[in-house]
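S.K.: Listed here are the chains, written in short residue letters.
Protein chains: 2
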Amino acid sequence: MEFSSKFLENAVYEVSQLPGIGKRTALRLVLHLLKQPERQTEELTTALTNLRTQISYCNNCHNISDTEICEICANPKRNKSIICIVEDIRDVMAIESTSQYQGLYHVLGGKISPMEGVGPQDLNISSLVQKLKAGGIEELIFALSSTMEGDTTNFYIYKQLEGIEIKTSTIARGISVGDELEYADEVTLGRSILNRVPFENSIKAN
Amino acid sequence: MEFSSKFLENAVYEVSQLPGIGKRTALRLVLHLLKQPERQTEELTTALTNLRTQISYCNNCHNISDTEICEICANPKRNKSIICIVEDIRDVMAIESTSQYQGLYHVLGGKISPMEGVGPQDLNISSLVQKLKAGGIEELIFALSSTMEGDTTNFYIYKQLEGIEIKTSTIARGISVGDELEYADEVTLGRSILNRVPFENSIKAN
Numbered sequence: 000m001e002f003s004s005k006f007l008e009n010a011v012y013e014v015s016q017l018p019g020i021g022k023r024t025a026l027r028l029v030l031h032l033l034k035q036p037e038r039q040t041e042e043l044t045t046a047l048t049n050l051r052t053q054i055s056y057c058n059n060c061h062n063i064s065d066t067e068i069c070e071i072c073a074n075p076k077r078n079k080s081i082i083c084i085v086e087d088i089r090d091v092m093a094i095e096s097t098s099q100y101q102g103l104y105h106v107l108g109g110k111i112s113p114m115e116g117v118g119p120q121d122l123n124i125s126s127l128v129q130k131l132k133a134g135g136i137e138e139l140i141f142a143l144s145s146t147m148e149g150d151t152t153n154f155y156i157y158k159q160l161e162g163i164e165i166k167t168s169t170i171a172r173g174i175s176v177g178d179e180l181e182y183a184d185e186v187t188l189g190r191s192i193l194n195r196v197p198f199e200n201s202i203k204a205n
Numbered sequence: 000m001e002f003s004s005k006f007l008e009n010a011v012y013e014v015s016q017l018p019g020i021g022k023r024t025a026l027r028l029v030l031h032l033l034k035q036p037e038r039q040t041e042e043l044t045t046a047l048t049n050l051r052t053q054i055s056y057c058n059n060c061h062n063i064s065d066t067e068i069c070e071i072c073a074n075p076k077r078n079k080s081i082i083c084i085v086e087d088i089r090d091v092m093a094i095e096s097t098s099q100y101q102g103l104y105h106v107l108g109g110k111i112s113p114m115e116g117v118g119p120q121d122l123n124i125s126s127l128v129q130k131l132k133a134g135g136i137e138e139l140i141f142a143l144s145s146t147m148e149g150d151t152t153n154f155y156i157y158k159q160l161e162g163i164e165i166k167t168s169t170i171a172r173g174i175s176v177g178d179e180l181e182y183a184d185e186v187t188l189g190r191s192i193l194n195r196v197p198f199e200n201s202i203k204a205n
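The listed protein sequences derive, respectively, from chains A and B.
Heads up, the first sequence is in numbering that gives the first Met the number 0, so the first residue is 0 and it goes up one at a time.
Heads up, the second sequence is in numbering that gives the first Met the number 0, so the first residue is 0 and it goes up one at a time.
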């Protein structure tokens with residue numbers, strides 16, 4: 000692509016650095032901004048700058064938060080003896096939207112992934128182990144993605160728990176609600192049979 | 000979606016104002032920026048601010064340009080007696096990439112679209128008519144999209160040409176190179192038969 004303006008070329012280049020956005024989409028977005036009032040571009044850049052420079056993380060669970068302790072950790076109604084380990088804030092938001100969980104979270108900030116150069120020291124694992132050693136936690140729920148990286152991370156953390164007495168669990172893997180059995184993959188279907196639950200439980204959940 | 004941070008919520012909102020980007024994609028993009036070095040967000044916001052505040056348009060053809068007269072209009076090798084009317088800079092870039100056109104352009108900045116509240120006065124039409132009245136232009140090529148808005152705009156401009164002696168043409172509509180006849184729509188196929196060209200022309204073009 001040849002551009003008639005360095006400013007345009009530069010803006011398109013920077014926008015196309017975002018994941019999943021190619022040069023053509025970037026050009027479309029940038030031309031859209033040009034057609035809108037200047038105010039819109041200002042608001043966008045101010046919001047991004049504020050986010051990047053003023054963002055902070057909860058001292059306790061490492062979730063994104065504007066206060067030192069996030070709302071979830073500060074809520075006296077939450078059960079502080081259960082911790083759910085998740086990858087990032089999107090998983091916290093997803094679990095919160097179910098209204099089924101009343102414990103606290105611990106946000107790792109990623110998964111162990113040698114391919115992407117992410118090791119255990121890049122994640123919030125040591126603070127988790129410290130928290131568990133300090134006592135008062137009864138159950139640890141592993142809620143990472145069901146991928147090789149997720150399983151590796153689960154296993155690494157599990158190994159760190161040696162000598163700490165704590166109940167551990169993982170979220171259930173199974174057939175999605177509303178899905179047809181014949182289209183499910185064998186691994187998922189196999190797990191959902193192995194980990195079957197009493198029929199009364201499924202009635203209660205509805 | 001409930002956010003744990005006002006900064007995050009604000010950034011996601013502003014990014015999701017861009018066309019074709021929903022809240023989920025916006026959250027993904029914003030979290031990506033948070034994981035990258037602060038420098039990347041700075042470069043992005045600076046590029047967008049520079050574009051929006053320092054962009055200028057060619058005085059002659061209204062194309063985006065860093066100079067008062069764009070490179071195409073300033074090029075002495077271009078044929079200044081032919082003008083090709085296009086909608087926006089993307090069309091200029093598309094035609095330039097074919098290397099088949101040596102004339103100048105006139106960028107309208109949009110199409111007449113009552114549905115979106117765009118009338119003739121919002122487009123660069125009066126400057127085009129002035130340019131044509133001043134003389135020296137032999138041919139005007141209409142190269143707008145083949146949609147109802149494009150046709151309306153073409154017709155509006157054509158009406159403005161009354162009293163001006165000038166040759167007008169539109170780019171050819173027909174079957175795409177490499178396309179199979181059986182999958183072409185009837186209107187396109189019909190036009191490509193009506194506007195058939197001497198066989199020797201198609202040999203020369205290859």
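Bear in mind the hints are in silico, worked out from the structure with no lab data behind them.
Keep in mind the model is a prediction, meaning the values are calculated, not measured.
Take the hints with a grain of salt, since some may be wrong.
Stated by the list, open to error - FRET-style restraints, in silico, Cβ to Cβ:
| no. | chain 1 | residue 1 | chain 2 | residue 2 | range |
| --- | --- | --- | --- | --- | --- |
| 1 | A | 95 | B | 170 | 41 to 47 Å |
| 2 | A | 190 | B | 178 | 55 to 61 Å |
| 3 | A | 116 | B | 171 | 22 to 28 Å |
| 4 | A | 163 | B | 52 | 30 to 36 Å |
| 5 | A | 18 | B | 77 | 56 to 62 Å |
| 6 | A | 190 | B | 171 | 55 to 61 Å |
| 7 | B | 58 | A | 120 | 55 to 61 Å |
| 8 | A | 182 | B | 5 | 21 to 27 Å |
| 9 | A | 162 | B | 19 | 25 to 31 Å |
| 10 | A | 117 | B | 23 | 21 to 27 Å |
| 11 | B | 67 | A | 151 | 57 to 63 Å |
| 12 | B | 170 | A | 97 | 52 to 58 Å |
| 13 | A | 117 | B | 196 | 44 to 50 Å |
The C-beta atom is built at its ideal place from N, Cα and C for all residues, glycine as well.
S.K.: So, for every hint listed, does it hold in this structure?
M.R.: Now the hints, each set against the structure:
{"no.": "1", "hint": "95/A <-> 170/B: 41 to 47 Å", "in the structure": "54 Å, violated"}
{"no.": "2", "hint": "190/A <-> 178/B: 55 to 61 Å", "in the structure": "48 Å, violated"}
{"no.": "3", "hint": "116/A <-> 171/B: 22 to 28 Å", "in the structure": "53 Å, violated"}
{"no.": "4", "hint": "163/A <-> 52/B: 30 to 36 Å", "in the structure": "57 Å, violated"}
{"no.": "5", "hint": "18/A <-> 77/B: 56 to 62 Å", "in the structure": "40 Å, violated"}
{"no.": "6", "hint": "190/A <-> 171/B: 55 to 61 Å", "in the structure": "60 Å, holds"}
{"no.": "7", "hint": "58/B <-> 120/A: 55 to 61 Å", "in the structure": "58 Å, holds"}
{"no.": "8", "hint": "182/A <-> 5/B: 21 to 27 Å", "in the structure": "42 Å, violated"}
{"no.": "9", "hint": "162/A <-> 19/B: 25 to 31 Å", "in the structure": "52 Å, violated"}
{"no.": "10", "hint": "117/A <-> 23/B: 21 to 27 Å", "in the structure": "23 Å, holds"}
{"no.": "11", "hint": "67/B <-> 151/A: 57 to 63 Å", "in the structure": "59 Å, holds"}
{"no.": "12", "hint": "170/B <-> 97/A: 52 to 58 Å", "in the structure": "55 Å, holds"}
{"no.": "13", "hint": "117/A <-> 196/B: 44 to 50 Å", "in the structure": "59 Å, violated"}
Figure legend: structure checked against the earlier numbered hints; hints not met, in rising order: 1, 2, 3, 4, 5, 8, 9, 13.
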